[in-house]
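From first to last, the protein sequence lines stand for chains A and B. With positions in the first sequence counted from 1, the corresponding number in the working numbering is that position plus 2. Numbering-wise, the working numbering puts 32 at position 35 of the second sequence, and it's gapless, one number per residue.
Among the hints, a few may not be true.
A short, non-exhaustive set of chain A residues, derived as facing chain B with CB atoms under 7 Å [to be verified]:
#, residue
1, T9
2, A16
3, G99
The hints are simulated quantities; they were obtained by calculation from the structure and are not laboratory data. We treat Cβ as the ideally placed atom computed from N, Cα and C, and that holds for glycine.
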Amino acid sequence: MSDKTLTRMDLSEAVFREVGLSRNESAQLVESVLQYMSDALAQGETVKISSFGTFSVRDKAARVGRNPKTGEEVPIHPRRVLTFRPSHLMKDRVAAGNRG
Amino acid sequence: MIRSELIQKIADDNQHLYQRDVEKIVNTIFEEIISALARGDRVELRGFGAFSVKERGARTGRNPRTGEAVDVDEKSVPFFKTGKLLRDRLNGKETD
C-alpha cells in the first residue's frame, strides 16, 4: 500500500491530462461535479453513479446517548446521515488491488 | 440523480464543451477515485467527504442456506466518510 492522499488537485490534474482543458477550468469542473452531487444529496436525493456507487440519505431517529467521559445522558436529535454503497466493480477493483 | 443527469447539468453549464468531453471529464473523476483506492491511496475531498480503504480481517463465515462453516479470507473494502460541510447541509445548516 502506498498510503498517499489524493485531493481535488489530483482529480483536476487527471482531467487536465485526459481532456486537455486548462488547469483552471479542470479545477472548476471538478468543483462543479462535487457541488451538483452535494446539492442533490442536501435535497434528500439519492445519487447513483453506475459502476462507481450509490450515495443515499437516511433519516436517523432521536435517541438518548451518553457522554462517554462523564456518563451523563444527552439527547441525540433526529438527523440525516449519508451512506455510500460502493458498486461491485469498485469493490472488486479495491479488493484485487490491495491483495496480499 | 444518476450519472447521465450529472453529465447533463455540467454540459448545460458549459455550452462551449462537447458532450463527449463532458462525459470524459465526469468519468475521469470517478475513475481516478477508484484507481487511487485500488492502489491503497485515500482520496480526501474537503467539504464533501473522504474515500479510503479498510481491511476486513479473515473470518469464519457460514453458508446461510446450509449452515456450513466456510473460511473467508481477509480483504480490503472501500469506505466513505461524509465531510463536515455536507453533513451539516444534510441537516439544514448552511455554513457558507
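Each hint tested on the structure:
1. T9: holds (6 Å)
2. A16: holds (4 Å)
3. G99: Where the cut-off is 7 Å and the nearest Cβ of chain B is about 3 Å from A:G99, the hint holds.
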